[in-house]
Amino acid sequence: MPKLVLLWTDAVLWLLLAALAFYGWRLRRLPPLRAPWRRLMHDAPALCALIVFAVFAVVALLDSIHFRRALPPTASGEVFHATRTESLLDELLARPIAMRESSYSAPLAAVAFNRQSVEQGGTVVRTFPRLQHGGAHLADPQRDRAGDIARRALAGAAGGLIVAAGLFALTAGWRARRKGIPWRWALEDVVRDRTRVPLRAALLCATALCLLAGVVAALMSHYHVLGTDRTGNDVLVQALKSVRTAFVIGSLATIATLPLALVLGIVAGYLRGWADAVIQYVYTVLSAVPNVLLIAACVLMVQVFIDQHPELFATGAERSDLRLFLLCLILGLTGWATLCRLLRAETLKLREMEYVQAATAFGLPVGRIMLRHILPNTLHLVLITTVLDFSALVLYEAVLSYVGVGVDPSLNSFGGMINLARSEMSRDPLVWWSFTSAFVFMLALVLSANLLADGVRDAFDPRARALRVRKG
Amino acid sequence: MTSAILRRALYAVLVLVGVNLMTFLLFFTLNTPDDMARLNIGGRRVSPEQIETWKAVRGYDQPLMWNEQAEGAEKLTRTVFWQRSVSLLWLDFGRSDSQNAVDIGQEIRTRMLVSLQLAVPIFVLQLIASVGFALVLVFFRHSRVDFWGVVLCVLMLSISSLFYIIVGQLLFSRVLKLVPISGWAPGLDAVKFLVLPVALSLLARLGGEARLYRAMLLEEVSKDHVRTARAKGLSEPAVLVRHVLPNAMIPILTSAGSYLPYVFLGSLLFESFFGIPGLGAYVVDAISAQDFAVVRAMVFLGSLLYVAAFLLIDIAYTWVDPRVRLE
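As they're listed, the protein sequences go chains S and H.
Position one of the first sequence corresponds to residue 1 (my numbering), numbered consecutively onward.
Position one of the second sequence corresponds to residue 1001 (my numbering), numbered consecutively onward.
Just so you know, these hints were derived from the structure itself, not from any lab.
A couple of the hints might just be wrong.
[Unchecked claim] Cβ-Cβ distance ranges computed for the label pairs, FRET-style:
no., chain 1, residue 1, chain 2, residue 2, range
1, H, Asp1224, S, Ser426, 55 to 65 Å
2, S, Met353, H, Leu1253, 27 to 37 Å
3, S, Thr436, H, Asp1224, 32 to 42 Å
4, S, Leu348, H, Leu1025, 49 to 59 Å
For clarity, every value in this text was computed on a predicted model and none was experimentally measured.
Each residue gets a CB set at the ideal place from its N, CA and C atoms; glycine is no exception.
Start from the sequences and build out the full structure, keeping to the hints where you can.
Okay, structure coming up:
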C-alpha cells in the first residue's frame, strides 16, 4: 500500500474544494443567491472560460494527491516507503516522465537537437543521434516520422471527436428528458443555439478541448509532444505540473487575504470611531510599501529562516511545499489592504440601511449584526475580488520567480520555466519550445481566469453591467 | 487649505514612522544580525571574529532597541534600531551588507537619475497611449471596433510582461538588429538603449490600463451634462475631448498616480533585462545577493515616494476639480 502524504497546500486545496461543494449545496436551497450564478451561466464567454478553467483545476487537483510508494517488503516483512513523493498526475504521466532523453530535442522529433560525436563502423562522425525514446519505434525516422505522427494524431482526434459526440448526445438527452420533448428536437435546439444557457458554445469549447487532449494523448506515449529541455525532461509534463503551482498561488494567496480583510474591513466600517482610525492607519502603512519590495523582504526573511533551520523538514518536497505555502501566506498578508478598503466602504453604506437599523433597534448584539446582516451582503465584493486576483497572482508568480523570491526552484512553475528558457532564447539555433509552452499554458490559464472574472463581475455587480461590451 | 495640507503631511509622516517600525520588526526579529553576517560572509566555517568585524563595520554591533550601557538619550540612539532604521527617516541609508559595504545613499543618488531617464518617458507616454486608445474605444462604443478592441485588451493583459520583454529582445535586437540587446551609455547615447524598453513597457501595460480607462470614460459618457453638450450640436470628438475627458481625469489620475513611486524606483524587470543600471536593477541584484540593508533602504524609499505621490495627488485633485476641498 502506498502511503498517502498530505502536504500543506494539498490540504488547503481540498478544503477549498469542499467549501465550494458546500456552497453549491446551499445554493440549491436559496433561489435569490442562485440568480447571479444563473446569469453567469447565460454568458457564453464566461461559460467557455469556466470549462477551460475547470480542466486546469482538475489537472491541479490530480497533482494534489500525493503518496509515497511502498518498497518491496524486506526479509523480516517490514514495509518501507520510498523517499520520493509522487502525485496521481505523475502516475498518469508515468510514461512521458520515464521517457527521459539526454538533452534538448525539438517537439515531436526523433533525433536529438544537438550534434554529437557518434562512432559509426570504426569512424567518428558528427551527427544528430537518435533519441532514446522519442520516435524510437520508427525504423527510418526520415521516411516514416511524418506519416506515423499524422496517423497517430488522426486516431487521437477521432477518439476526441467520439467523446465530444458523446457529450453532445448526453446533453441533448438530458434536455429532452427535462423538457419532455423528443431527443431530436433537443439536439436541434442545442445545435442551432436555441437554448437559454449557451450550450452550443460550451459544447464546441469542450469539443476543441477533447480534440486537443485526444491528439496529445495519442502522441504522448511515443513522442515528446512539446520537446525536451536541457536535462532531457519532457516539457509537456513540466507545463502540466506547473499548473498546480499556479493554481495554488492564485487561490491560496487570495484566500489568505480574506480573514484579515473581512474582519478588519467590516469592523472598521461598522464601529467607526477609533477602531476605524487604527485599522485605516494599519492598511495605509501596509499599502504604502511597494508590493514587490514588501514581498521580496518577507520572502528573503523566511528563506533565511528556512536555510538556517534545515532540521525542521523531513523531505525536500515538504520543504519546497512549505516555502510555497509561506509564499501564499505572505502574498495574503501583504495584499489584504485593497479588499479591506472596499469592504469598509461597503459596510459604511450598509450600516445605514433600514434593515440594519431595525436589527439595531431590536437590540441584537453588534457581533451578530455584523455576521448575519452585514457580512452576507458584502460577499459579492469578496467573490469578485477573489476571482479578479487569481489571474494577477498567476502572472505575479512568474515575475517573483524571476526576481528570485518566488517558489522553490525544485518545484515546477511557469516562472521557473520562463527563467530557464531565457538563456535558451539567446542560443543559436533557437530553443523555442520551453518558452512557447510556458507562454501557451499561461495564456490559456490567465485568459480563462480573466474571462471568468469578467463574467463573475457582470453577474454579481449590477453597476458593472452598464459597462459591458455589446457586439453591435 | 494650508492647514489641511499640513495635516495630510503630518499623517504622511506618521505612516512613514509606521513603515519604519514594520520593516525593522520584519528584518530583525525573525533573523538576528549574526545570521545575516554568517549568510553574507558565506561558507560553513565563519569565525566569531569575522562576524564581529562584519557587524562593527555596518553598525550592527549594538543592542537592538535599548542600550543599557549608554547614558541618557544615548540609551535610545546607540542602538541598531536608531542607527539603521530610524535614521532612514532623515535619508541616512548607511552601508550595505555586501562584502564591500558601499554607501547606499550615494548609490541611490546616482542610480535614481538613470531610473528617471527610463521611467519618465514610460510614465508620460503610457498615460497618453492608454488614454488615447481608451478614447478611441469609447468613440466607437457598442460597435464592432469596441468589442474587438476590448478583446485585444483582455488578450494583452493576460500575457506576462516577461513574454513581451523576451520576445521583444529576440525580435528587435537579435533578429532585426535594430537596437542593442542591453546596456547603457550616459547622455544622449542612452536613447538607443531606451527605445525598446520604453516601447515594450507601453505594450505590456496598454491592455490593462486602456480597459480600465475605457470603463472610467464610459461612466462619464452617459451623464446629463454630456447629453446636453451633444444636444448643443457639438461633434462627438469635441464632446469626448472637452466634456468627457476632463471629468474622467480624476479617476484616471488616481490610478496613474499609483505608478508615481515606480517612476523613481524604476522597473525591476525592464532594468534588469536591459542592463540599465537604475534602482530597479539595484533591488534585483540586492535580492539575489541577499543584501538586506539595500532591500530595507529601498522598502523605505518606496513608501516615502508612495506617500509623497499621494499627497501630490490629493493636492492635484483640488486643481483638477474645484469642487473637491481638502478637509
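Hints, one by one, checked against the model:
| no. | hint | in the structure |
| --- | --- | --- |
| 1 | H:Asp1224 with S:Ser426: 55 to 65 Å | holds (58 Å) |
| 2 | S:Met353 with H:Leu1253: 27 to 37 Å | holds (32 Å) |
| 3 | S:Thr436 with H:Asp1224: 32 to 42 Å | violated (51 Å) |
| 4 | S:Leu348 with H:Leu1025: 49 to 59 Å | violated (31 Å) |
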